[in-house]
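Novice: Below are the chains, spelled out letter by letter.
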Amino acid sequence: MKYCTTGVVQSNQQVAQAIFLTKIHTPIIAQNCSPAQFVNFYFPDSVKLFPRPFSIAGKEGENILILYKIVGSQTALMSQWSKGTELKLLGPLGNSFKITQRHYTNYILLAGGVGAAPLLFLRDELSAVGIKPYFFIGARTNSELPLNQDEKSHLLLSTDDGSAGFQGTVIAHFIHHLNQFAAPSIVCTCGPEVMLKALKQYNLPEYFDVFVSLERVMACGLGLCQGCVVRMSKPDAEPYYSLVCKDGPVFNLKDVQLDD
Amino acid sequence: MIDLSVDLGKGLSLQNPILAASGTFGYGDEIADLVEIEQFGGIVTKSLSWQPRVGNPPPRIVETSAGMINSIGLANIGLDTFLKEKAPFLSRLKCKVIVNIAASTKSEFIQVICVLDREKWIAGYEINVSCPNVEEGGIAFGTNPKVLYRLSAELRQKTDRFLIIKLTPNVTDIASLAVAVQQSGADAISMINTLYGAAIDINTFRPKISTVIGGLSGPAIKPVALALLIKARKAVDIPIIGIGGISCGADVIEFMLAGASAIQLGSVNFFNPLAMHEILDFLQQYLAKQQITSIRDIIGKAQL
Chain X
1 MKYCTTGVVQ
11 SNQQVAQAIF
21 LTKIHTPIIA
31 QNCSPAQFVN
41 FYFPDSVKLF
51 PRPFSIAGKE
61 GENILILYKI
71 VGSQTALMSQ
81 WSKGTELKLL
91 GPLGNSFKIT
101 QRHYTNYILL
111 AGGVGAAPLL
121 FLRDELSAVG
131 IKPYFFIGAR
141 TNSELPLNQD
151 EKSHLLLSTD
161 DGSAGFQGTV
171 IAHFIHHLNQ
181 FAAPSIVCTC
191 GPEVMLKALK
201 QYNLPEYFDV
211 FVSLERVMAC
221 GLGLCQGCVV
231 RMSKPDAEPY
241 YSLVCKDGPV
251 FNLKDVQLDD
Chain S
1 MIDLSVDLGK
11 GLSLQNPILA
21 ASGTFGYGDE
31 IADLVEIEQF
41 GGIVTKSLSW
51 QPRVGNPPPR
61 IVETSAGMIN
71 SIGLANIGLD
81 TFLKEKAPFL
91 SRLKCKVIVN
101 IAASTKSEFI
111 QVICVLDREK
121 WIAGYEINVS
131 CPNVEEGGIA
141 FGTNPKVLYR
151 LSAELRQKTD
161 RFLIIKLTPN
171 VTDIASLAVA
181 VQQSGADAIS
191 MINTLYGAAI
201 DINTFRPKIS
211 TVIGGLSGPA
221 IKPVALALLI
231 KARKAVDIPI
241 IGIGGISCGA
251 DVIEFMLAGA
261 SAIQLGSVNF
271 FNPLAMHEIL
281 DFLQQYLAKQ
291 QITSIRDIIG
301 KAQL
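Line order of the protein sequences matches chains X and S. For the first sequence, the numbering used here gives the first residue as 1, with consecutive numbering after it. For the second sequence, the numbering used here gives the first residue as 1, with consecutive numbering after it.
Where hints are given, some of them may not hold.
[Claimed, not checked] Straight-line Cα separation of at most 16 Å, EDC-like style, residue types lysine to aspartate or glutamate; simulated pairs: (1) X/246 - S/278; (2) X/88 - S/278; (3) X/246 - S/30; (4) X/254 - X/206.
FYI, nobody ran anything at the bench for these hints, they're computed from the structure. Remember, it's a predicted structure, so these values are computed and weren't measured experimentally.
Start from the sequences, fold in the hints, and give me the full structure.
Specialist: See below:
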């Protein structure tokens, strides 16, 4: 069930360079959302018409959290939101990370920059059932890391320039630690396409299940426009397209082709 | 109480003039938990073809000024799956359901219609001769009046159902195509499909749509749609269903004043899924204020 509703901004804080965390009061969505699900924000803009999809980064009571980076005019506008700002939103949309299907020895989260959003939510859900995941977060530089310390996870930071944590990409950092995860493990990841490709190209041992939350340009978020496709290739099936908004955003990494 | 019902002739009356445009509303079930679908005058299904089509590779959509370009490529589940999986839902709807049909050949159109004619719940067909995003069929049928006449006349012979031909704006003389449709015996025209559109990424130098050129829709095309509607309206007497950038109640009034008997909501379903409800409220209030009791009384009343 999804709801078109009104939200009220409770807070909107800058947490890193150009990265903000906003808390929005929207009870019906907060009560019904799961990690990797997203909301559409509608902007009163007669030139840029598409709603903008944002992954839900957590929930606190009747509020949802949204972690976003300023990349264009709408996110710049969002950074100006203040307590009491009302907005139109739709959600929760899409599927979610499924963590209860099987017991794993290790729970590993791999985030590239603001790709941390759905994984922060997932970390909270894991923590609530007594699981402390390994949380790898990478960014270009220290000031762009959305999280610096965390009690609910084993936080493993990396930066491209070495200004904090491991020097290198989040995938390189994960591979660096691979030996310590020599047992059935689940990896949940979200980040830039180049990072996801690097992970896919690295042939992880079979005892890793890897799930990815993808991002695409969407006109509707509802499965109507059929614009946000990802090419699927499963061993026994002809290649076909899935909709990231409705069939995803979470897919098994081995099923998706990221070369489009 | 204001009467919003319209009559398109030949037994097709709608409880209001608002239809959901093909390809912008899926098969209705995707959004049934959010929108009271049965409050539409009717819905036009996503283009249906004999065989399933996977559609075009991504990127398929891009946002442009007051609009968007799409190149979906008529991705659809095909006739068999449609009848198995979508017909049970669609056949129970109280609003009218019009099935949009796309095909590469005349015989494929006929094949699909012959099968669908057995389904009693279908109110009519909208024939897609105007898709800019497929290599075969599509727009090729819709740009030459003689070719269009032959296709439409043959489909007319095969079915008694309400037959709508959906026109492309990508022609020099829309009136000649409208005339061809009327002469063929089809029941109505819907217009317009998308305009050719393109966009290029200035950082990568690459097109923003995989097929380079796609179809432009949204409020940006509304004045074009209205102008073409006026041209076609002067040329034919059969009902015209207006389409093109309609996003609010005032737009609906504008199209109906220009001569549209009904309208379709397209891209607005993406950026405002509740548009239909807002528009119905507007129509009630507008007509009450104008002291007009039936929306039929405004059709074609613009002083052109």
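Novice: Are the hints correct? Go through all of them and say.
Specialist: Going through the hints against the structure:
Annotation: proposed proximity of residue 246 of chain X to residue 278 of chain S is violated, straight-line Cα distance about 25 Å (limit 16 Å). Taking the CA atoms of residue 88 of chain X and residue 278 of chain S, the gap is about 15 Å. The hint holds against a cut of 16 Å. Proximity of residue 246 of chain X to residue 30 of chain S is assessed by CA-CA distance (about 9 Å); at most 16 Å being required, the pair is judged to hold. Note on residue 254 of chain X and residue 206 of chain X: the hinted pairing holds, with a Cα-Cα distance of about 11 Å set against a maximum of 16 Å.
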